[in-house]
Amino acid sequence: MAVLREKIIAALDIGSSKICCFIARVGEDGRPHVIGIGHQVSQGIKAGTVVDMEETETSIRAAVDTAERMAGGSPIENVYVSISAGQPESRHFAVEVDVAGHQISDVDIKRVLDGAKEHLRNEERFVVHSRPASYSIDGVSGVKDPRGMFGEKLGVDMHMATVAVSPLKNLQTCINRCHLNLAGVVLSPYASGLSSLVQDERELGSVCIDMGGGLTSVAAFKNDEFIYADTIALGGNHVTSDIAQGLSTPLANAERLKTLFGNCFPRAMVRDQIDIVQTGDDGGEYTTTIPRSMLTSIIGPRMEEILEIVRDRLVASGLDSVVGRRIVITGGASQMNGLEDLAKKVFATGKFERHIRMGRPLSVDGLADATAGPVFSTCAGLLNYAATRPDEVHFHADAQPVLGVFSRISRWVKENF
1 MAVLREKIIA
11 ALDIGSSKIC
21 CFIARVGEDG
31 RPHVIGIGHQ
41 VSQGIKAGTV
51 VDMEETETSI
61 RAAVDTAERM
71 AGGSPIENVY
81 VSISAGQPES
91 RHFAVEVDVA
101 GHQISDVDIK
111 RVLDGAKEHL
121 RNEERFVVHS
131 RPASYSIDGV
141 SGVKDPRGMF
151 GEKLGVDMHM
161 ATVAVSPLKN
171 LQTCINRCHL
181 NLAGVVLSPY
191 ASGLSSLVQD
201 ERELGSVCID
211 MGGGLTSVAA
221 FKNDEFIYAD
231 TIALGGNHVT
241 SDIAQGLSTP
251 LANAERLKTL
261 FGNCFPRAMV
271 RDQIDIVQTG
281 DDGGEYTTTI
291 PRSMLTSIIG
301 PRMEEILEIV
311 RDRLVASGLD
321 SVVGRRIVIT
331 GGASQMNGLE
341 DLAKKVFATG
351 KFERHIRMGR
361 PLSVDGLADA
371 TAGPVFSTCA
381 GLLNYAATRP
391 DEVHFHADAQ
401 PVLGVFSRIS
411 RWVKENF
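Okay, so the sequence shown: first residue is 1 according to the UniProt record's numbering, each after it adds one.
Be careful, since some hints might not be right.
Stated by the list, open to error - DSSO-like cross-link-like pairs, simulated, lysine-lysine; straight-line CA separation at most 27 angstroms:
1. Lys46 x Lys222
2. Lys169 x Lys117
3. Lys46 x Lys18
4. Lys144 x Lys117
5. Lys46 x Lys169
6. Lys222 x Lys117
7. Lys110 x Lys18
8. Lys153 x Lys117
9. Lys144 x Lys222
10. Lys110 x Lys169
11. Lys46 x Lys153
12. Lys110 x Lys222
13. Lys222 x Lys344
14. Lys110 x Lys144
Derived by calculation from the structure, the hints in this document are not laboratory data. All figures in this text were calculated on a predicted structure; none of them were measured in a lab.
Take these sequences, add in the hints, and give me the full structure.
Printed below as a string of structure tokens:
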């Protein structure tokens, strides 16, 4: 485990719907206690990608300023930032070295990780995360700590998560223009999993689905390691758009209807009537009444589509039977009524029973009720990452510190072993 180097840490979650900043003090037990919170409606961000630097900068400044004032006024300099842009990709690769039958030591582990380092140097995309999923000795996989064991060959199965460089540079530029430095970059679903899953879930194998405004992102964990990530360009904003189009109502009213009356899986036929504002042929607005079931018939198919895509991609990855028994759903769009029942229906496939629950931040202290919901899972997970996770290996093909947070293998091994 990494040695804590700072008592105050800051996290910045830059999403399509909101930008959130948490400032926390790390206790002696390594658990963050939040002392400052700021959140702002996201401007200049679409599907996690910066589309307007000035608007994004303004939103970041507002969120950070609010958090700093709540934390006592001292300005923060370094932030851990989530990223969902840049078409995240997740894959595994194996590296093997000879150990000639002797007892495996830290030197051998360093050699096999040095081999992984060379593999990363050839990667054209930015490597956000690269960690050993497991080790192997003479082809026998699943070894968590090979030190002290004997064998002829030592191998490592590395999980690598990458993003395109340009969207990351744009994000970094916005942050730097706010006079902030990047202390680390974390994939959004990884952060959400760290805050929403309990230790046993990460150990035994679980999937965290983070349903945001513009994107739905997925992370899988096994043996307390992050082993899979994926992103789907659909989220709560698409549900809002469906309502606006289906009911000919303004987007603002569609969002209101979704929040107040939305349901994606009613247990029985809902006979309530709700008032909606519609736009007429002349461009004017008028109020009419519709059955609430009509709203459900619009919301349900889109939410089901998102979950089906997640399910199908998990199956295609080959990890469904490994991590798919436990599924935790979090994020702002997860607050939709009926989602847990819908998820149980969508994931009711295969030969094993699945446990599905709704997730919220569990890994930090000091959150009020208003900020302890699933909307803030990613930001809370960033704090957990900053406080407890070891430095990881970040590389880009040009071997230059694109973000200034590159870790050396030797330091990484020292802190892990």
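Here's how the hints hold up against the structure:
Between Lys46 and Lys222, the direct Cα distance comes to roughly 31 angstroms. Violation of the 27 angstroms bound is thereby established for this hinted pair. The hinted pair formed by Lys169 and Lys117 meets the criterion: a straight-line CA distance of about 22 angstroms does not exceed 27 angstroms. A C-alpha spacing of about 11 angstroms is found between Lys46 and Lys18, which places the hinted pair at or below 27 angstroms, so the restraint holds. With a C-alpha separation of about 19 angstroms, the suggested pairing of Lys144 with Lys117 holds against the 27 angstroms cut-off.
As the CA atoms of Lys46 and Lys169 are separated by approximately 16 angstroms, the hinted pair is consistent with the 27 angstroms bound. For the proposed pair Lys222 and Lys117, the alpha carbon gap of about 23 angstroms is at most 27 angstroms, so the pair holds. With a CA separation close to 41 angstroms, the supplied pair Lys110 and Lys18 exceeds the 27 angstroms bound. Straight-line distance between C-alpha atoms of Lys153 and Lys117 comes to about 18 angstroms, which keeps the hinted pair within the 27 angstroms bound.
With a C-alpha separation of about 11 angstroms, the suggested pair Lys144 and Lys222 falls inside the 27 angstroms cut-off, and the hint holds. For the proposed pair Lys110 and Lys169, the alpha carbon gap of about 30 angstroms is over 27 angstroms, so the pair is violated. This hinted pair does not check out: Lys46 and Lys153 have alpha carbons roughly 47 angstroms apart, beyond 27 angstroms. This hinted pair checks out: Lys110 and Lys222 have alpha carbons roughly 23 angstroms apart, not beyond 27 angstroms.
Of the pairs offered as hints, the one joining Lys222 and Lys344 holds, with about 22 angstroms between alpha carbons and a cut-off of 27 angstroms not exceeded. Between the alpha carbons of Lys110 and Lys144 the distance comes to roughly 15 angstroms, so the proposed pair stays at or under 27 angstroms and holds.
Violated hints, listed in ascending order, are 1, 7, 10 and 11; each of the other numbered hints is respected by the structure.
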